[in-house]
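Asker: Whenever a hint applies, use it, and build me the whole structure from the sequences.
In the order they appear, the protein sequences are chains V and F.
Just so we're aligned, residue 0 is where the first sequence starts under numbering that gives the first Met the number 0, counting upward by one.
Just so we're aligned, residue 0 is where the second sequence starts under numbering that gives the first Met the number 0, counting upward by one.
Treat the hints with care, as some may be off.
Stated by the list, open to error - Capping the alpha-carbon separation at 16 Å, the derived lysine to aspartate or glutamate pairs in EDC-like fashion look like this:
1. F:445 <-> F:217
2. F:596 <-> V:597
3. V:618 <-> F:597
4. F:618 <-> V:597
5. V:33 <-> V:20
6. V:207 <-> V:195
7. V:596 <-> F:597
8. V:596 <-> V:616
In short, the hints are calculated from the structure, not lab data.
Protein chains: 2
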Amino acid sequence: MLGASNEPSRIGGRPIRYLKEGGFPGPIWPINVKGGTIQGLPAFKSVDELPEAAECLIVAVPAAAVCDAVENAARRGTKAAVIFSAGFAEADEQGRKWQERLVRIAAETGCRVVGPNCLGLFNARHGYAPTFTASLDHGHPKPGGVGMVSQSGAYGSHLFVLTRDRNIGMSCWLTTGNECDVDVSDAVAYFAADPDTKVIAAYVEGIKDRDRFLGALENARRAKKPVVMMKVGRSAVGAAAAASHTASLAGSDVIYDAALKQLGVHRAETTEEMLDAVYAATRGIFPETDRLGIVTISGGAGVLMADAAERHGVDVAPMPEAAQVRLKSILPFAAVRNPVDTTAQFFNDMSLVTEFTRTILAEGGYGAIAAFVTAIPRNRETGGRLKEALTKATAEYRDRLLILCMLASPEMTKEYEAAGYLCFEDPSRAVAAFAALSRFGRSFAKGAGSPPPALPSSAKPVPAGASLGEAEAKVLLASAGVPVAQEKLAKTAEEAVAAATSLGYPVVLKIASADILHKTEIGGVKLNLADADAVRAAFTQIMERAKKEKPSARIDGCLVAPMIKGGLETILGVIDDASFGPVVMFGLGGIFAEVLKDVTFRVAPFGLDEARAMIREVKGFPLLDGARGRPKLDQEALAKALSALSVYAAANAATLRSIDVNPFIVLEKGALAVDGLIETK
Amino acid sequence: MLGASNEPSRIGGRPIRYLKEGGFPGPIWPINVKGGTIQGLPAFKSVDELPEAAECLIVAVPAAAVCDAVENAARRGTKAAVIFSAGFAEADEQGRKWQERLVRIAAETGCRVVGPNCLGLFNARHGYAPTFTASLDHGHPKPGGVGMVSQSGAYGSHLFVLTRDRNIGMSCWLTTGNECDVDVSDAVAYFAADPDTKVIAAYVEGIKDRDRFLGALENARRAKKPVVMMKVGRSAVGAAAAASHTASLAGSDVIYDAALKQLGVHRAETTEEMLDAVYAATRGIFPETDRLGIVTISGGAGVLMADAAERHGVDVAPMPEAAQVRLKSILPFAAVRNPVDTTAQFFNDMSLVTEFTRTILAEGGYGAIAAFVTAIPRNRETGGRLKEALTKATAEYRDRLLILCMLASPEMTKEYEAAGYLCFEDPSRAVAAFAALSRFGRSFAKGAGSPPPALPSSAKPVPAGASLGEAEAKVLLASAGVPVAQEKLAKTAEEAVAAATSLGYPVVLKIASADILHKTEIGGVKLNLADADAVRAAFTQIMERAKKEKPSARIDGCLVAPMIKGGLETILGVIDDASFGPVVMFGLGGIFAEVLKDVTFRVAPFGLDEARAMIREVKGFPLLDGARGRPKLDQEALAKALSALSVYAAANAATLRSIDVNPFIVLEKGALAVDGLIETK
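Answerer: Here you go:
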């Protein structure tokens with residue numbers, strides 16, 4: 000403990016006190032220039048005076064003294080440093096330089112550095128607590144399965160206090176501060192591999208290395224460890240929006256949303272929602288079905304919970320007919336479909352609880368049962384009888400999620416929890432927590448999913464330098480496996496007529512120039528040309544307008560393409576997100592994308608499963624799926640194009656700034672890009 | 000107490016025990032056929048044996064014996080009855096008859112009847128507790144300002160327990176059961192007038208009398224008493240959807256949503272949200288601004304709260320420049336814009352809290368200040384110092400809402416609450432509660448609002464009987480003040496040509512027949528006819544098709560109308576809702592209404608203010624407001640049409656089933672109905 004203090008409430012004093020309180024079994028070496036005795040332990044005057052290299056150096060000295068001390072210790076063999084000191088990159092230029100030196104020390108010596116400007120960490124099982132958070136003043140953590148990492152020290156402490164208040168056990172807790180070395184991705188990856196950790200909670204403000212972040216989350220998913228994440232900054236949307244149309248729809252928070260969904264992470268909007276999901280996940284049961292059985296003693300509560308279920312995408316599927324008939328024969332006034340309402344009658348006869356609960360568990364095929372029992376467990380006598388009645392029903396179903404909505408004393412709640420029940424006061428929160436668990440279940444069941452397809456051997460690389468207009472862009476897209484409209488370049492009016500004749504009328508003429516990216520704006524597009532005369536006239540007009548509007552543009556001629564009829568206009572896009580690199584966008588054309596922002600994103604690359612999920616996610620999906628007498632369109636061709644585009648984008652991340660495929664027309668059979676634009680870095 | 004029991008945990012025993020425990024000052028007369036002494040009180044053998052008419056008869060005898068007893072008491076002069084007994088309309092045919100008799104008794108004698116099949120009520124100030132809810136077992140209510148009514152006994156009890164657990168005082172609590180007489184509207188109206196009640200909480204499953212319900216809520220709004228309502232059944236959407244297009248978009252829950260919003264009611268989705276809003280409202284401060292000042296000791300918490308603010312429509316407006324400069328000079332590392340972050344520095348110097356908080360209150364112009372102080376008040380010493388520092392800052396601003404986000408013991412929380420602070424553990428919930436309070440503030444400030452316009456004297460009534468096709472419907476709409484496209488009826492092709500010539504080309508021809516309501520489907524519409532030949536040909540074609548497709552239809556000829564160019568297609572509609580009667584719908588045309596269900600509703604009639612609010616509510620609103628280079632359209636003409644339609648619908652509620660005005664085209668100047676359909680009862 001460098002900068003050790005004899006005062007147990009000072010920054011340099013707290014870690015020593017906490018290590019002693021927590022029963023940390025290893026030696027604790029206070030270091031203070033004054034030497035002497037600190038909190039009953041002999042102190043050393045410098046790192047060099049230590050009898051041997053410390054395993055970990057805890058640092059609470061002014062920023063100016065940090066680097067030398069860490070370097071000395073690291074060179075001597077210290078494997079880790081936890082730096083509380085502020086005054087680094089968050090402060091000023093000098094601090095930024097010191098932080099850069101810390102990065103170098105870590106890289107050169109292999110000493111892992113946590114911080115600087117962090118609140119430290121603890122490992123609950125070992126009583127290891129190199130932290131100065133004041134939150135340990137009112138109680139040390141209970142060892143258990145939750146690993147927690149936070150980029151904010153103060154909010155990380157807040158989360159820890161809430162976790163402890165809810166009697167949830169923890170493995171490790173870590174605040175990462177300025178993240179000069181150890182970052183949130185390291186923590187998630189560690190938790191994914193740590194046998195003591197079963198549930199991962201993370202508070203994140205931003206990430207720097209997408210691959211390590213996504214990799215860590217994927218490790219967790221493969222290990223079937225749920226990740227509950229609070230990613231703040233949702234309202235600070237894309238201030239420096241990029242120039243391209245697609246980019247202006249993005250805003251990086253939307254991309255975080257997409258990436259986290261892709262990885263099966265539960266993104267919590269509120270602290271309470273985060274704790275609820277973490278608490279529920281500690282039960283270790285992740286149903287693959289979203290079917291929820293509800294049993295209540297109040298019809299009103301049942302309706303309320305059914306409402307909550309719809310809001311959270313939970314299926315309140317009815318009980319099988321036979322089971323309904325049997326329950327009805329036991330209690331004629333009961334509602335037996337789902338929600339099942341035993342009415343207040345069970346007060347008189349607790350065996351009803353046993354019978355009803357057992358039937359729902361045995362025959363309902365639900366991922367969980369949620370029982371609304373209000374304040375019954377508040378009374379020790381009825382509470383005890385209810386627990387007994389429930390235990391009889393659930394004895395054979397210990398692998399099932401059993402959720403109680405109840406108002407009881409903390410002691411009684413602990414008793415129910417010890418018996419394996421998840422307990423919530425608010426029935427809507429209980430339903431929300433089940434929704435989170437079943438999403439985890441489905442994400443875990445997905446396994447590897449459908450992998451991204453291979454990049455076609457024909458794929459031409461995106462060149463660095465100037466952006467690519469329609470003709471060139473479409474050549475690249477076609478090479479990448481994205482179907483494009485058949486078209487021919489015509490340098491003269493007569494070439495255009497010949498092309499139209501071979502393609503078949505009616506046709507479309509479009510200006511072909513790498514210098515004219517927005518063709519319609521200069522009158523460079525003519526639709527629905529029915530014969531040779533019309534093509535000739537259109538060619539002349541387009542050329543004249545182009546020369547007038549953009550005298551400096553190099554013009555290659557006109558593209559001639561068949562006029563496509565029917566189908567639905569969609570937009571496929573790629574943007575280069577600051578956090579996640581190439582990200583693929585999908586939306587329907589026109590007002591859907593522009594006005595309604597009805598678009599969806601995925602981090603590239605991805606396979607057909609994700610592409611299919613994207614398509615179903617947009618609100619306008621019914622238009623692709625035969626809504627209101629429309630034909631059902633070729634969603635599979637669309638999905639293939641999306642995943643091909645994602646693979647191409649990922650392979651060209653170094654040079655690609657954006658791709659706009661607008662419109663990409665989906666037909667009853669097939670789909671094809673009618674226009675395209677590729678911007679490069 | 001009819002059906003009195005000596006056993007204080009029986010239904011007939013609890014009210015006597017509760018009245019005694021609560022110190023009810025009036026006489027308590029147990030009635031039981033056996034007579035004797037009950038819970039220490041002399042018992043009577045029947046209602047007739049009572050020394051005089053009881054003020055209130057509490058009834059806990061079997062259903063078969065209820066009516067006679069209530070009638071006897073009422074005839075003798077008893078003014079109220081609270082009936083616990085079940086076995087009435089909720090049970091079977093016999094029970095329904097008994098309940099009808101109770102309705103008659105109430106109407107004939109003026110005795111007000113609560114229930115049957117209810118859990119009773121209490122008045123906390125008088126210790127008056129004619130109820131058998133078991134929730135009083137663990138504590139009587141604290142007298143205070145919250146009036147609560149619930150249609151569900153069990154859920155009402157659940158809500159009471161939560162209210163008591165949160166130390167919120169109550170005036171009255173009432174469960175209405177089968178509502179044979181006293182219903183939820185009576186309760187709201189009572190609370191609106193009751194000087195002891197400051198905040199109204201209601202749990203509602205359904206209502207029968209729209210006028211009394213809306214009237215009671217409007218009384219509450221005018222009395223500036225916030226109503227927090229949980230209306231369940233959101234997921235049980237319009238199962239028996241009506242035939243008309245508009246009706247299929249409705250679903251009565253959407254109408255509840257609209258009506259409650261119109262009346263300024265806070266509709267809570269969850270129990271917790273309900274209690275949070277009620278708790279916050281007890282402070283009695285309802286800011287008219289939605290600007291929130293946020294001060295934190297953690298940058299992360301600030302971002303989190305700003306995110307929550309955006310989600311709840313709360314404005315985190317920046318501090319004035321001068322104030323920012325001054326705060327920055329006090330603490331250079333602080334964030335001073337809003338959220339204001341004092342950093343952990345204030346731990347060392349609590350005067351910073353005073354200075355920062357006072358500055359935000361004095362200069363920010365915020366409706367409230369929300370301070371995130373995490374677990375600081377958990378420690379008695381720092382908690383006390385923090386309270387002192389805050390009190391110094393807020394002493395001159397006791398009329399402001401001061402919200403703290405903190406983790407403290409219940410005792411310390413009570414101390415802060417006693418000092419006038421609203422305390423929340425979860426910062427997002429604190430922001431949500433502020434949002435509710437400021438919505439109340441704006442609703443209260445609205446006063447009477449802009450009243451519905453008068454029905455034009457020219458308005459023709461909607462006739463009973465057959466539905467009305469386009470021509471007739473448009474005559475009625477025009478008479479009601481809804482602008483309609485100019486058009487002429489032509490019986491022959493030559494009449495059509497003459498009409499077209501006088502209206503000006505191009506024109507539209509549409510079949511005119513009350514028997515053909517869906518004209519396009521039979522080829523009965525021809526657009527964009529440019530000259531006399533085209534009009535002639537179209538007339539002949541339409542007539543031939545109509546005769547072929549609908550041989551039995553009476554055909555009046557064709558309507559000739561000018562072809563309208565530009566503008567935006569919208570839909571105005573009226574449906575006759577089962578709960579609320581005539582309700583006006585507004586949405587944009589095409590996929591907006593059909594696929595996206597992007598429509599909004601208001602209970603008729605309403606004035607221009609509500610109409611303007613409707614228009615701004617739909618997601619497609621930017622298309623009316625000049626999005627992406629489009630012209631800005633005449634929203635005021637649209638608003639006038641909506642309120643005129645609402646007035647007309649309300650005036651014709653007796654005969655009107657539905658109105659579809661589709662499309663109603665909004666132009667840059669003016670707006671007009673191009674087609675219309677009125678269905679009658």
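Asker: Provide an ascending list of the numbers of those earlier hints which the structure does not satisfy.
Answerer: 5, 6
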